[in-house]
Every structure is written in structure tokens, then in C-alpha cells.
Amino acid sequence: MFRALEIAASGMSTQQTAMDAVADNLANAETPAFKAGQVRFEELLSAEGAGGSGWAQGVRAAGVDRDLVQGNIQNTGKTWDLALNGPGYFPLLDGAGKEVYTRAGNFRVDSEGRLVHKSGLLVAGGISVPNGTQNIHVAEDGTVTGNPPGSDRSVALGRIEVVGFADEGGLAARGQGVFDATDSSGPALRQSSSSGELGLGTIQQGALESSNVDKVQAMVDLINTQRAYETASKVITAADDMLGYANNLRR
Amino acid sequence: MDLSLTAVYSALSASQTALEAEAQDLANVRTPGYRPQVPYFESALAVVRQGGDGGEVRLPWGVKFQPGGPSTEPGPLSASRDPVHAALSHVDDYFCVQTPQGVAYTRDGSFHLDAEGRLLDAHENPVLGEDGPLKAESGKGRILSDGTFDTGATGAPQKLKLVNLAGLKLDRRGGQMFTVADGREGAPGKGGLLPGEVEGSGADTFKGMSELVMLLRWSESVQKAARASDDAAGAMIQSAKIA
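So the protein lines, in turn, are chains A and B. Every letter in the first sequence is one number past the one before it in our numbering, and letter 141, counting from 1, is 141. Every letter in the second sequence is one number past the one before it in our numbering, and letter 69, counting from 1, is 69.
Looking at chain B on its own, in the form it has when it is part of the complex (with noise of 0.2 Å):
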């Protein structure tokens, strides 16, 4: 079996998959909220053969591209002008809104208020409180630095529920929301609230377009190498029939 031949499929099959990744990210260069995945590769080993005494040998077979969780970069922030609009201050945090499929996280904080006065995100899901969904029975409201969800109204202030996810698994659920990967629960969050601003993406042209670069150039040394292993296997060939 030539082991060099899988080796440049599983390396061409892996840049390909860390290509898409990369895509992904620099399409959400201007989405709020948006985390990048963290790339990484390992070895991939393969069964190749039996051993004499039955046992399996393992050996290298080549490189496997697994996109990681989101990364904890934050984006750069931009000034709002909405009452209702915040970035979190810890990296860790996250916004929780109730979506059809359960609770849902989120780091894209440009929210407003319906007509019955009730505070939804960009995706019209509910922004969750510590009790519950947040409403401004007023229809007037504004998020304060220390969380509270300030509706003018007298009585118990709402305040907005926010978990930090550090070192959760984390599922990516689309429109910016996460889902964490084994059901556990969050621990509170550790931040305040950045009122008038937005997150921007955590997608960074000028990383993105630097690991495009090394993609495309190790692609290229892949083709190279494939091509050095079909040369020798042709010059083998040669010599074989010579003899």
C-alpha cells in the first residue's frame, strides 16, 4: 500500500475542509456576534496491517482539519444609538434567548422591543431574564452597565440573564446562537454589560486572509510531494524493466 498517496488525499481533503471553515469566517467578517471556529489539525493514524502476534500496527496516514469551538476573541465594538443595544464585557459571556428548540446563547446584543413592549433579538426570540422573558409593560426600556433591563416601572428590577460558557463544549446553532454540547449549564456570568455598543465579528480580515495564504501554499507543496511520489514510483517502474 502506498502510504504516501494517502497521505497527500487525507492532506488535500484537509485543506479543502479548513478552506470551507475559512470561507465561513470571512463571509461573517460584518456579522455581530460572530465567533470564528478555532481551527486545528491532528495526525490521523490508520490500521495498516496486522501484527504477527495479532495485535494492530498503527501508522501515520496523514492530517485531519477538525474546526474547533468558537474562539473567545472578542469583536471590535460600535457605538448604537438604541436604548436596548449591549456588548458583554467578559469574553465568556453570553446572552440567553429562548429559540423554538430551547435556550440559546448569543454574544450579538442588538436588540429591541416589540409592540407589546417585550425585548427580542435580531432573530424576534425572546431575550431571557433571570425570571424569565423581559418585558417593558411601559414599551420604553433600556439596558443599564450592571445588567438591569430598566423599564421605568417601581417594584423589582429585571435584570438580563447572562451565563459564561468558559470551557464548555459549544454548538454552533446559526444566526449566531450556541447551544452547549452535553446539556450542562452554565455557570452565572462573570461580566457586566457595555450599554450603546454592539460586538462586531470576531472574524479578522487580516488573519483570515494570511491563513488563506498558508492553505493555498501548503496545498501546493501537497501537489508538489504527490508529484515527487509519482515521479519515483515511475522512475522505480523504469528501472524494473531495464533490468
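Next up, chain A with everything else stripped away, as it sits in the complex (with noise of 0.2 Å):
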């Protein structure tokens, strides 16, 4: 059997998915805390074949590894933004109570005075500000200070929790840069006095984690993705000459 254009196949498809993680890079090149996504090509054999190797099946996309760089961090000046100086994660609440997990710290007071991410997600630690508090003030360590309505002395109002993982590349994306704790992540990891030094970041005020994605290495991967997907069509060409020659032996 004729494997050639099976085999091309596989190229263009594959580089069809490499194409959808770089334009996903460059769509999010200004989303905050963005983590760029790259796809692991896989050479295919299959198990049973000539001599000892598999034949050739071309290649497959593996699955995409994102680089967990720390982004840029940006000042912004807006009270609530929160970055995160050195590994970690914001803790938030989803709709059923379960604890889910973000880098993007941009946050807001929703109408009820309770501190809540920019997807609606409350951030866990049930942070209330009342309405009017003036001199709000995170410190690095998630403690949040403010002057309640008509009052000139500073209160606790609540802290913000950071919490680290084994292996955070095995976090499970749900969107708008919000994470789930998977058995490859292994649970959510938090500092006390029993867990050894985690080595977990800082907040800082008025400032953002920029997007890591590098825009020129994006279209770099971009323009590499299109001539691959070209090449792999034009193996097709060049498979289907060669079935003509083969079909034109007899004039």
C-alpha cells in the first residue's frame, strides 16, 4: 500500500493544530498572566513493521506544553491588581464552592462588597469591602488594610491566600486564565509553619503579570507552522505525480 499521502496527511493536520496554539499565543499576547502554549510533535510508527522498526505513520500532536515563565510585571496603579512576584496562585471559589486556581490578579469589588475575580469567581478567604472603605492597602503577604466609610482608622479586612503546586504544569485550564488542580498537579500547597520553606511569591499593589508570550518568537512559530503545513501538501502533490506516472505506464 501506497503510504506516502496518509502520511502527509498527518503533517498538515498536525501543523494545522500547531497553527491554532500560535494563533492563541498571538491573540493573548496582552492578557495578563497569558502562559504561551506550544505543541509537542511526535514522530508515529506503528508497533508492527519491517526490520525491527514500525512504519512510518508521520506525526502527531502530543498534546501542548505551556512555558511557565513569570510574565512581565506591569504597573498599573488600579487598587485591586494584584501581581504575583514569584511562583504561585490565587485561590478562587467557582459557582459550586470548589477551589479553583489564577495568576491573573485582576480583581474587583462586586455590588455585595465581596472581592471577586474579572470572570465573577469570588477569591477565597471571603474578603468583604464595604462600600466607600477608603486607603485600601494589600501588603506582600496578602493582608488586606482599609479605612472603613467614615472612619480615619485603618482595619483588617481580610487576606488574600497564595498557594503553590508540585508540578504546576499539570494544572487543567478552564479559561480566563483560571486553572484546576488535577492528579498531575498533585492539591494545592500552602505555607504554615509544618511545610518546609514553598517558596511562594509576593504580592505586589497596583501592578499586573504581563502575558509571557514573546510576540516576534510567535510569528516566527507562525511563519515555520505555514511553511511546514505547505511542505506536507506538497509531499501530496508529489505522491499523486507519481500514482500518474504509474497510471500513464501505457499510452
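One or more hints might be untrue.
[Claimed, not checked] Below 30 Å or equal to it, Euclidean Cα-Cα: the simulated DSS-like pairs (lysine-lysine) are: (1) LYS159/B x LYS207/B; (2) LYS64/B x LYS98/A; (3) LYS234/A x LYS224/B; (4) LYS140/B x LYS215/A; (5) LYS64/B x LYS234/A; (6) LYS78/A x LYS98/A.
These aren't lab readings, by the way, just hints derived from the structure by calculation.
Work from the hints to combine the two standalone chains into their complex.
What follows is the structure, encoded as C-alpha cells:
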């Protein structure tokens, strides 16, 4: 059987998947705390084949790896923009009360005075900020203080937690920069007297972590992906030509 | 027996197998650590008749294509920000990984650490050190240029196991992994590591596309030869009729 067509087709569909990842990176080049994704290519062989090696079956996209390097910290001056400098995640609570995690610290206070993430999910810790609170300050360890309405004395309003993971590459994205813990990431680790030094980052108020997408690299990836797609399509044409020669052996 | 037609058949089938190998290499132009196949053609001989003394007479039958072993042409290096990514500096060196089917060898150094601190390859296989699988108890590690897997722990340093497979026949296992055909052991690695780099695919678009053009031209000329042979046979039949 002539497998060149299938092999080349696997090249085209894999590059298509890679193009999706490049497009996602470019679209999120300005999304706070976005982590660039890169497709993992894998040479594909059948289990059985001639002479010890399997038959060639092309290539596949085995998954998307996220680049976990921290993006630049950019000052915004906004009270509820919190950047996490160093490893860690802010825990949030989803609608079902399950803990989810984000590094995108663009928070706000909702109409009921609760601190929420831009996705609308509650920030864990139940921090309540009454309307009209002045002089809000978030310390490096996440302690939130402010002057309640009509008072000039600063009181503690709660504490924003930071948690870590044994393997943050194992977190599963659920969109809007929010992640779920999985078996491969392990459960969230909290800094305590018994946990040992987790090396978690500190909170910086009035700043946001920017996307870690390198736009120049993304453009280079775009070109490489498109050219590899084109190469695979040329192989399909070549295979077609070759079959044509076989068909036209007899005039 | 018309030898020219059997030669045509063997040439067409060899060019198709060669195109399959070329398609595989070109489909993997972006696969890290991929090693293209070194193709070679060999002339095929066939026993076509018994000689008068009962001995065999071998005549050229055409051509056969054999996909050869992996090329030792290194792929281009690209920088990585991951501290457990590394490339091999010697072209015949390989990393050792523990697959469910046994030890396999790979050039793909895009490793990562799992939640337990084990160093795994891109297919979740443990990467082997001199004394078995590598593990960072602290959950953090980095690869150094002398092959050390630095985990910050005190005591004897863990080293990545590198093997030099020059001159051995390698079987492809998929996922950029190889095994040694006859179960022989490789020599210790001859080079060091390039931390913070990942070796790209050894398949080269320029080389691949020019080989593709040559393969097509070759099939075209085989087609012409077949037609010429067919025309000659036709003319012979015509002349026999006239006589």
C-alpha cells in the first residue's frame, strides 16, 4: 500500500493544530498572566513493521506544553490589580464552591462588597470590602487593610492567600486564566509552619503580570508552521504525480 | 521473460517506498530530536534461470529501496527557558529513558518534572541517570553542562546517563526513540550537554524538497523507459505480422 499520502496528511493536520496554538498565543499576547502554549510533536510509527522498526505513520500533536516562565510585572496603579511576583496562584471559588486557581490578579469588588476575580469568581478567603472603604492597602503577604466608611482608622479586612503546586504544568486550564488542580499537578500546597519553605511569591499591589508570549517568537512560529504545512501539501502533490506516472505507463 | 518490465516495476515500487520515507521525514520537520532516515538504494538481483551445469545465473532485476538507520546530522538548537531542557553536544550520544518495553534512546531533551519530582521525557517515561531514574526530592532541578542533575540536595550528585551509539544498528520505536537492534550495549557518552537548548528536527526542508523533485523525475523517466520498451515490443509484433 502506498502510505505517502496518509503520512503527508498527518503532517498537514498536525501543523493545523500547531497553528491553533500559535493563534491562541498571538491572540493572548496582552492577556494578563497568560502562559504561551507550544504543541509537542511526536514521530508516529506503527507497532509492527519490517526490519525491527515500525511502519512510518507520520507525526502527531501529542499535547500542548505551557511555558511557565513569569511574565513581566507591569504597573497599572489600580487598587485591585495584584501581581504575584514569584511562583504561586491565587485560589478562587467557583459557583459550586470548588477551589480553582489563577495568576491573573485583576480583581474587583462586586455590588455586594465581595472581592471577585474578573471572571466573577469569588476570591477565596471571604474578603469583604464595604462600599466607600478608603486607603485600601494589600501587603506583600496578602493582608488587606483599609479605612471603613466614616472612619480614619485602618482595620484588617482579610487576607488573600497564595498557594503553590508540586507540578504546575499539570494544572488544567478552564479559560479566563483560571485552572483546576489535577492528579498530575497534585493538591494546592499552603505555606505553614509544618510545610517547609515553599518559596511562594509575594503580592504586589497596583501591578499586573503581563502575558509571557514573546510576539517575535510567535511570528517566527507562525511562519515555520505555515511552511511546514505547505511542505506536507507538496508531498501530497508529489505522491499524486507519482501515482499518475504509474497509471500512465501505457499510453 | 521481459526483464525491462520487471525492472520498471521494481523501480516504481522503490521510488514509492522512497517517497514514503521522504514523506515521513518532511512530516517531522518540526519534531524535536527527530532523526531522518538515511535512504539507500541497492541493485536487486534475481535468479532467472538455471545454468547448463545446474548452477544459478543471477541477472540484474532492478532496484530496491532500503530505509537506512537514523541520520547523525544534528538538528538546529533552539533556546528554552526550562531548566530541565538540554541538548546533546556529540552527534552519536543519546539520552536513556525507561519505557514500559525496556530502555530506549532518544535525542529529544525536552524533559519535565512531575508532581513527585521525577525527571520525565515528553512521553512521561522516566529519564535514566547513572544509578537509575532521576528524582528531585525538592521538586526542583536543573541540568548542568557536565550531565549533572542538580537538585540542590547534598551528597553524591546525580548524573544523566548518556550513551554513544556510533556504529550500532538502531531500530525506530516512534516518539523519536530508538532501541539497539541486536541488544548490544552502547559505549558511555562522549560529549556533554547543552543546558537550556532543545535539538530540533534533523529533517531539512531544503534537502527533502530537492530529493522529492529527484524522485519525481526518476519515476517520470522510468515511465518513459516503460513506454519505450512497450513501443519496441509493439513494433516487433507488427514486423512479425508483415513477415
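| field | Hint numbers contradicted by this structure | value | 1, 2
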